[in-house]
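Just so you know, the protein sequences line up as chains G and W, in that order.
Sequential numbering of the first sequence, starting at 1, is according to this note's numbering.
Sequential numbering of the second sequence, starting at 1, is according to this note's numbering.
Don't take each hint at face value.
[Claimed, not checked] Computed Cβ-Cβ distance ranges for the label pairs, DEER-style:
#1 W:16 / G:124: 21 to 29 Å
#2 G:94 / W:280: 24 to 32 Å
#3 W:147 / G:29: 19 to 27 Å
#4 G:13 / W:29: 22 to 30 Å
#5 G:121 / W:113: 46 to 54 Å
#6 G:29 / W:5: 45 to 53 Å
#7 G:92 / W:471: 29 to 37 Å
#8 W:29 / G:29: 53 to 61 Å
#9 W:465 / G:124: 24 to 32 Å
#10 G:119 / W:29: 40 to 48 Å
#11 W:16 / G:3: 23 to 31 Å
[To be verified] From the structure, some residues in chain W lie toward chain G, with a derived Cβ separation under 10 Å:
#12 66
#13 70
#14 138
#15 139
#16 140
#17 161
#18 162
#19 164
#20 172
#21 327
#22 329
#23 378
#24 382
#25 576
#26 582
Rather than coming from a laboratory, the hints here were simulated on the basis of the structure.
Using N, Cα and C, we set each Cβ at its ideal position, and we do this for glycine too.
Chain by chain, the residues run as shown.
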Amino acid sequence: MTGTTALLVVALIIAAGLYLAVNAKVANAGRALLTLEAQRDELERENSELMTYFAQITSPDRLLERAVSMGFRPASPGEIDYFAVPGLQPDPEFMAPQPPFSQEGHRSGLSPAFTETLGEWLARVIGGAR
Amino acid sequence: MTPEPQARRRVQLVMGVFSLVSLGLLIQLIRVQFGPYAPVFAALDRGGRGLTEEVRPARGLIFDRDGVLLAGNATRYYLEVELRQLDGNEEIVAGVVSALLGVPADDVVAQLTARDKFVGALRIRLTRPDEEGGRWPITVDPTAAGVISAFLADPEAPDLAGLALVPLSQRVYPAGSLAGHVLGFVNQEGRGYFGVEGFYDDWLTGRAVTVQRSIIPPEAGLNQEPPAGVNLVLTIDADIQQMVEGVLQRTIEWSEAAGGQIIVMDPSNGEILALAAWPTLDPNAYGPWLGDQSEEEPVINPAVGGQYEPGSTFKVLVMAAALDAGVVLPDDVFVDTGEIEVGGHTIRNWDGEAWGPQTMVGCLEHSLNVCLAFVASQRLGAETLYDYLARFGVGRLTGVDLAGEVPGQLRTPTHPEWTESDLGTNAFGQGVSVTPIQLLAAVSAIANGGDMVQPHVVRQVVSSEGAYWPSPTTLGRPISARTSQTLTDMLIESLEDEALLIDLAGYRFAGKTGTAQIPSDYGYDPNLTVASFIGWGPMPGPRFLVLVRIDRPRISPWGSVVAAPAFQEVAERLVVLMGIPPDSERIALVGGE
């Protein structure tokens, strides 16, 4: 009787330990996810800032100002010579960057395989057995 | 020591440890439930076990045709304060905010201590007073936000407990006022107004979604991402736009005019290469403009919303109709006696003089009102003239993809207020109103072999699903290719006869000046005019069509004096920027191939 009780206690302790371990892992993964999401948001903001800053310092007004300060001036039509370059291909047209793909309807959250609790699993199994 | 007491002590020790842990948990539960942070957690609980919030995707970017970013997004931060977390540090928070942002410290302290005003409020957003007595949320740039974040993280720094930074995406226009009238602007609520921002607002905004953000790690999941707004590539060329804005500014300044526009369009496909307007509009600081906006004289979107009587530039449409209908030929001679009566209304020339025998080329070259009134009233007739004007789209929207377009005004014989005298005055651009973009679209038929193209400013739409290039749209074919060529030749000849007007060695242009008096409640004021020029070239195979409109110039009222030189300057720079060789070299290059 004592042996059986001890076995039961050990089994319960093992089950509880496993349950805690799984939950701890989920919590860690969740924490990592929250951190990564925050980092991603911050990086997107930084990227946007840098893009805007780059556009500011290379805006036509700034470039003209710098060119004039370096002694350049706009060319007049009479100062330009034209010549044919056989086989020269024109520059490819500018393509705007593609916006991020919408995750709507594709990834609404983690798979239940990663988030299902023991209680939920039991409820599902019992519910399914009925 | 017997084993029994030892076991009892061990049990007591374990129970003691468990009791302490339980007590700790109980205290923490009581603290969370009833302590100073209780309302914060309660608020989270009301929204579920996390935050329910509306997530807006980043607004789509806008580029010029070569990839110059014209509209982007930057991050600003709201300053919010969690009132329950303030621990008597109101003065410190106010001092830091005041030192960083120049906001009166007293005002911030007042906001932080006015608890009665915020009964039940847990969190307030700091505001600053504006000049009109209202209040606007305080926003800080990333630099100031970095300082505040550093203070919050440093225990040695001033105590800013309770202060929080809430990111906010804000529209910015890196090139300042460049192409401001094309772009429009976005208000603080993220809604686009005027220009491209207004016209494509729904596409640029994307779609906001409501998400439930869990702050409990085990329940954190990938949140639903809102469908992003599209990125747009405009037909605008930033270099040409900058050049045109410079020419416009110089013209406005030397002619002491009140305002004006210059639009450059590719007549073969309707792409707007540049659209400049004065006064300029900086979309980063659009506020002052809203007060000036009126229905009669829109200052934000004058190219599509600012209708005006076009004056003599309209004569090219009337002459096109007459040539196409076969009622006149270029060499037909009209004897100008200096006046003509149409519908009981006497029409005179701009100088009041009689010009004697003139061919149709001469009529255009000297811009004779009497001649064109004769052509309209005695050769074309009302039905044919208005039929052609309708085909040219006068009085109708062009459908340009800029918000705020108006259709202009054209009274036809079916209009109750139309009189026969309108036939005579309409012939030289009086009593009819057009928008600059509408006149450009109409004249594109003459410059483009008879096909009238729809003006547009967006050449590429890039969404997360792929890219789309809107194809050029033909609005109609009001005249034949032959008429288009004939009239273009006539206008080239008339400009060449007036060599001082447009003179660019190696290039030929077609064009027409316009000087229109401005109607008022008391009739036409001879001292207030709209001086304009519409021209295209270089011929053959025109690459650009340019409209110059200068409002109320004081130095001279005439289009030939004020607007034509601006066209000359624009054309001179355009052939360089667009890499168009002179006629002789073009022929040699083509021959060399």
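Quick rundown of the hints versus the structure:
The supplied range of 21 to 29 Å is broken by residue 16 (chain W) and residue 124 (chain G), whose beta-carbon atoms lie about 40 Å from each other. As the Cβ distance of residue 94 (chain G) to residue 280 (chain W) is approximately 25 Å, the hint placing it in 24 to 32 Å holds. At about 34 Å, the beta-carbon gap between residue 147 (chain W) and residue 29 (chain G) misses the expected band of 19 to 27 Å. For residue 13 (chain G) and residue 29 (chain W), the Cβ-Cβ distance of about 26 Å falls inside the hinted range of 22 to 30 Å, so the restraint holds.
Take residue 121 (chain G) and residue 113 (chain W): their Cβ atoms lie about 53 Å apart, and the range 46 to 54 Å holds. Checked against the hint of 45 to 53 Å, the pair residue 29 (chain G) and residue 5 (chain W) passes, with Cβ atoms roughly 47 Å apart. At roughly 19 Å, the beta-carbon separation of residue 92 (chain G) and residue 471 (chain W) lies outside the given 29 to 37 Å, and the hint is violated. Distance hint check for residue 29 (chain W) and residue 29 (chain G): the Cβ-Cβ separation is about 26 Å, which falls outside the suggested range of 53 to 61 Å.
A hinted range of 24 to 32 Å for the beta carbons of residue 465 (chain W) and residue 124 (chain G) is inconsistent with their spacing of about 37 Å. Taken as a hint, the range 40 to 48 Å is violated for the pair residue 119 (chain G) and residue 29 (chain W), whose Cβ atoms sit roughly 21 Å apart. Residue 16 (chain W) and residue 3 (chain G) have their C-beta atoms about 29 Å apart, which keeps the hinted 23 to 31 Å range intact. A hinted interface residue such as residue 66 (chain W) counts as satisfied when its beta carbon comes closer than 10 Å to some beta carbon of chain G; here the least separation is about 6 Å, so the hint holds.
Here the hint on residue 70 (chain W) is kept, as its CB sits about 8 Å from the closest CB of chain G, short of 10 Å. Taking 10 Å as the C-beta cut-off, the interface hint given for residue 138 (chain W) is violated, the closest approach to chain G being about 19 Å. Interface hint at residue 139 (chain W): violated, since its Cβ lies 14 Å from the closest Cβ of chain G, which is beyond the 10 Å cut-off. A distance limit of 10 Å between C-beta atoms decides the matter here; for residue 140 (chain W) the minimum to chain G is near 13 Å, and the interface restraint is violated.
Interface hint status for residue 161 (chain W): violated, as the beta-carbon distance to the closest one in chain G is roughly 21 Å, over 10 Å. Checking residue 162 (chain W) against chain G: minimum C-beta separation of about 21 Å lies over 10 Å; hint violated. Checking residue 164 (chain W) against chain G by beta carbon gives a least distance of about 14 Å; that is not within 10 Å, so the hint is violated. Interface hint status for residue 172 (chain W): upheld, as the beta-carbon distance to the closest one in chain G is roughly 5 Å, under 10 Å.
Below 10 Å, beta-carbon pairs count as interface contacts, and residue 327 (chain W) has none with chain G, the closest being about 40 Å; its hint is therefore violated. Restraint check, residue 329 (chain W) versus chain G: the minimum CB separation of about 35 Å is more than 10 Å; hint violated. Interface restraint check: residue 378 (chain W) against chain G, minimum CB-CB distance 44 Å, threshold 10 Å, status violated. For residue 382 (chain W), the interface hint is violated, since its Cβ never comes within 10 Å of a Cβ in chain G; the closest pair sits about 45 Å apart.
Hint status for residue 576 (chain W): holds, given a least beta-carbon distance of 6 Å to chain G, under 10 Å. For residue 582 (chain W), the interface hint holds, since its Cβ comes within 10 Å of a Cβ in chain G; the closest pair sits about 7 Å apart.
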